[in-house]
Amino acid sequence: MIKKLSATNNMTITFILLGSVIFLFIIVPLLNMIVASDPKLLLETALDSEVISSIWLSLYAALIATVIGFLLGVPLAYLLARFDFPGKNLVEGLIDVPIVVPHIAAGIALLFVFGRSSLAGKAFHLIGIDFFDSIAGIVVAMLFVSVPFLIDSAKEGFKKVDVRLEKVSRTLGASPWQAFFKISLPLAWRSIAAGGVMMWARGISEFAAVIILSYHPMVASTLIYERFETYGLDYARPAAVLLILVCLISFIVLRLLLYRGQKT
Amino acid sequence: MIRVKNLCVDLGDFQLQDINLTVDEGEYFIVLGPTGAGKTVLLESIAGLYPVKSGQIWLRGKEVTSLEPEKRNISIVYQDHALFPHLSAAENILFGLKIHRRPKQELGKVLDWLSHLLGIAHLLDRSPNTLSGGERQKVALARALSTKPEVLLLDEPLSALDPESREGVQKELRQLHNQLRVTTIHVTHDFEEAIALGDHIAVLGEGGIKQVGTPEQIFHQPNSEFVARFAMVRNIFTGEVVERDDGSIVFGTEDTELVVVTDLRGKSHASVRPEDILISPEPLRSSARNSFCGTITHIADRGSTLYLTINLPPDFICLVTRRSFQEMGLAEGQKVYITFKASAVHIF
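Order-wise, the sequence lines are chains A and B. The first sequence begins at 1 in my numbering and counts up by one. The second sequence begins at 1 in my numbering and counts up by one.
Honestly, the hints are just simulated from the structure, not real lab data. Computed from a prediction, not measured in an experiment: that's the story for all the values here. Heads up, the beta-carbon is just placed ideally off N, CA and C, and yes, glycines get one too. Some hints here could point you the wrong way.
What the hints assert, rightly or not - Some, not all, of what chain B presents toward chain A, calculated at C-beta under 8 Å:
| id | residue |
| --- | --- |
| 1 | LEU67 |
| 2 | GLU70 |
| 3 | SER75 |
| 4 | ILE76 |
| 5 | PHE84 |
| 6 | PRO85 |
| 7 | SER115 |
Said to hold, decoys possible - Distance condition first, Cα-Cα at most 20 Å in a straight line; then the derived DMTMM-like pairs of lysine to aspartate or glutamate:
| id | chain 1 | residue 1 | chain 2 | residue 2 |
| --- | --- | --- | --- | --- |
| 8 | B | LYS71 | A | ASP96 |
| 9 | A | LYS159 | A | ASP84 |
| 10 | A | LYS159 | B | ASP80 |
| 11 | A | LYS182 | B | GLU68 |
| 12 | B | LYS53 | B | ASP10 |
| 13 | B | LYS98 | A | ASP84 |
| 14 | B | LYS53 | A | ASP84 |
| 15 | B | LYS341 | B | ASP276 |
| 16 | A | LYS182 | B | ASP112 |
| 17 | A | LYS160 | B | ASP80 |
| 18 | A | LYS182 | B | GLU70 |
| 19 | B | LYS98 | B | ASP112 |
| 20 | A | LYS182 | B | GLU91 |
| 21 | B | LYS53 | B | GLU206 |
| 22 | B | LYS148 | B | GLU206 |
Said to hold, decoys possible - Some chain B residues well away from chain A (every beta-carbon gap over 12 Å; in silico):
| id | residue |
| --- | --- |
| 23 | HIS81 |
| 24 | LEU111 |
| 25 | PRO163 |
| 26 | GLY168 |
| 27 | GLN179 |
| 28 | PHE226 |
| 29 | LYS267 |
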């Protein structure tokens with residue numbers, strides 16, 4: 001049972017103080033950047049077609065990565081939640097590796113597999129998809145670094161669905177497909193969607209793996225980095241603020257949609 | 001009719017071996033066994049939800065051992081009811097028919113029939129997590145019956161209920177079965193539940209079926225120590241509950257009449273726990289309504305306690321401590337009085 005927070009003893013007071021420090025650490029730089037920026041400059045940047053197209057590309061590429069993540073990751077999450085098989089622990093551990101490796105290294109590793117000289121690269125080239133300096137490259141980089149969030153969250157969601165519900169549905173005439181689509185998927189949906197939002201967010205924020213595969217076309221983080229490197233802090237800031245605002249608003253809206261009608 | 005032949009099921013820690021059961025058309029069949037004996041898994045294997053190691057399952061003359069659960073038309077009601085939490089009571093009940101793409105008219109008819117049969121018409125729009133245990137169970141039963149199953153499997157249907165509603169639900173299950181005559185397999189760990197409901201009882205334990213028979217056979221002629229443990233150390237009688245002119249409720253058997261407290265009437269069973277019975281060499285003046293004189297016919301020594309068989313008739317088994325036994329100087333053949341309260345008699 002969760003109680004209402006009140007500073008009643010030493011421990012609670014200490015924890016409130018410590019908690020406030022880390023919360024401020026997160027929130028101050030973000031707020032400061034938004035508050036300190038010149039509204040006129042911000043507006044100008046918002047109308048800058050280069051900025052608009054880069055932010056749009058970030059959102060769009062991350063969305064494609066998330067959709068691919070859904071199609072390929074949700075089935076895997078279901079298998080991991082429902083079945084035992086030899087090497088399951090290893091599979092579960094490896095899935096999380098993209099989260100822990102430096103993303104610049106992840107980008108290089110991807111380049112070896114999807115680059116023009118590789119087998120996969122050549123195969124995809126035949127059907128007109130190239131991963132070097134292309135949207136496909138951006139999507140692959142984003143997918144690699146962010147899909148663990150979706151798989152883990154979906155797996156936890158499926159685990160919470162009582163397997164007896166599926167069993168009952170089978171006795172009532174449902175095929176395994178119907179049991180999945182009518183029982184397991186709707187019941188795990190909130191976790192899957194929350195994982196999808198996390199994945200999308202992680203995709204948008206990715207930089208290192210993306211620039212190794214596709215510096216161009218520029219996603220928002222690449223553009224911010226380039227402006228920072230070429231013209232300095234003042235020139236990079238408005239674009240950064242804009243990206244933060246777009247992300248913030250998107251996630252607030254998505255969170256509201258996701259938790260609509262549910263008490264927290 | 002359903003037949004289970006030489007069924008073996010692997011449960012990880014142990015196995016169910018050589019399970020043979022025949023349940024006749026329209027029969028109410030009880031599988032009685034202690035917790036952890038594999039009763040739920042046995043039901044799931046019959047429904048096709050749990051892999052079978054070897055053996056066969058036959059349903060109305062057709063072998064279904066490897067048939068998918070959705071093609072067997074065997075319904076199951078789990079102990080925790082397993083209602084679909086994202087669907088309303090009505091949607092739960094109609095789930096099976098919608099899967100089978102039955103016409104709308106039929107859905108309405110079946111919903112109407114089941115909600116009246118089970119008295120849940122007022123609950124149809126509710127979400128399962130707002131329903132009480134008893135209400136959830138009725139919805140789960142309605143859902144299981146909606147597809148007109150050939151066999152209905154009930155997994156400990158009474159043990160999730162509080163003791164007050166258990167008696168009523170037990171009666172309803174009996175009535176429901178009398179009305180619909182759906183072949184039913186009901187698993188339980190409760191001996192009295194088994195006696196009260198079962199046409200036949202199979203006792204499951206130590207990885208296999210220990211005995212199959214009518215309640216009377218299981219109770220009076222247990223074929224093993226294991227079965228006897230379920231039945232012994234209990235006093236169970238068959239008889240009839242009637243209300244006397246003076247308002248007192250009595251349970252009459254062939255030989256005797258017990259004063260009882262119950263809302264049930266008619267043919268039923270009564271049990272008295274051996275530890276609830278007082279033994280005295282002389283008649284006891286007390287508030288307890290039941291007092292009888294009988295002869296000690298058998299003494300079973302269990303160390304610090306002893307089980308005495310006292311014949312009135314019928315036979316009552318009574319528990320005494322060694323200390324009381326010695327102080328009263330009890331012996332076989334001796335006449336004693338037994339006394340117990342009307343509320344110590346459980347009618348079921």
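Okay, the hints, checked on the actual structure:
The beta carbon of LEU67(B) comes no nearer than 12 Å to any beta carbon in chain A, farther than 8 Å, and the hint placing it at the interface is violated. The interface hint given for GLU70(B) is met, as the beta carbon of that residue sits about 5 Å from the closest beta carbon of chain A, less than 8 Å. The beta carbon of SER75(B) is positioned within 8 Å of a beta carbon in chain A (closest approach about 5 Å), and the interface hint is therefore held. Hint status for ILE76(B) relative to chain A: holds, with the closest Cβ pair at about 5 Å, below 8 Å.
The beta carbon of PHE84(B) is positioned within 8 Å of a beta carbon in chain A (closest approach about 6 Å), and the interface hint is therefore held. A distance limit of 8 Å between C-beta atoms decides the matter here; for PRO85(B) the minimum to chain A is near 7 Å, and the interface restraint holds. Annotation: SER115(B) was flagged as interfacial toward chain A, and the flag is violated, the nearest CB pair being 17 Å apart, outside 8 Å. Simply put, LYS71(B) and ASP96(A) have alpha-carbon atoms about 40 Å apart, too far for the 20 Å limit, and the pair is violated.
Simply put, LYS159(A) and ASP84(A) have alpha-carbon atoms about 13 Å apart, close enough for the 20 Å limit, and the pair holds. At most 20 Å may separate the alpha-carbon atoms for a hinted pair to count; LYS159(A) and ASP80(B) meet this at roughly 18 Å. This hinted pair checks out: LYS182(A) and GLU68(B) have alpha carbons roughly 18 Å apart, not beyond 20 Å. For the proposed pair LYS53(B) and ASP10(B), the alpha carbon gap of about 6 Å is at most 20 Å, so the pair holds.
A C-alpha spacing of about 32 Å is found between LYS98(B) and ASP84(A), which places the hinted pair above 20 Å, so the restraint is violated. Between the alpha carbons of LYS53(B) and ASP84(A) the distance comes to roughly 18 Å, so the proposed pair stays at or under 20 Å and holds. As the CA atoms of LYS341(B) and ASP276(B) are separated by approximately 8 Å, the hinted pair is consistent with the 20 Å bound. For the given pair, LYS182(A) sits about 24 Å from ASP112(B) by alpha-carbon distance, which is inconsistent with the 20 Å threshold.
Between LYS160(A) and ASP80(B) the CA atoms are separated by roughly 15 Å; this keeps the pair inside 20 Å, and the hint holds. A distance of roughly 14 Å separates the Cα atoms of LYS182(A) and GLU70(B); the hinted pair therefore holds under the 20 Å criterion. Taking the CA atoms of LYS98(B) and ASP112(B), the gap is near 15 Å; set against the 20 Å cutoff, the hint holds. At most 20 Å may separate the alpha-carbon atoms for a hinted pair to count; LYS182(A) and GLU91(B) meet this at roughly 12 Å.
Using a Cα cut-off of 20 Å, the hinted pair LYS53(B) and GLU206(B) holds, with the two alpha carbons roughly 18 Å apart. Of the pairs offered as hints, the one joining LYS148(B) and GLU206(B) is violated, with about 34 Å between alpha carbons and a cut-off of 20 Å exceeded. With a minimum CB-CB distance of about 9 Å to chain A, HIS81(B) fails to clear the 12 Å threshold, and the non-interface call is violated. Against chain A, the non-interface label of LEU111(B) holds: every CB pair exceeds 12 Å, the least being about 14 Å.
At roughly 25 Å, the least C-beta separation between PRO163(B) and chain A is larger than 12 Å, which holds for a residue marked as non-interface. Every Cβ of chain A is farther than 12 Å from the Cβ of GLY168(B); the closest lies at roughly 24 Å, confirming the non-interface assignment. Here GLN179(B) stays apart from chain A, with its beta-carbon at least about 21 Å from theirs, past the 12 Å limit. No beta-carbon of chain A comes within 12 Å of the beta-carbon of PHE226(B); the shortest separation is about 29 Å.
A cut-off of 12 Å between C-beta atoms confirms that LYS267(B) is not in contact with chain A; the least separation is 33 Å.
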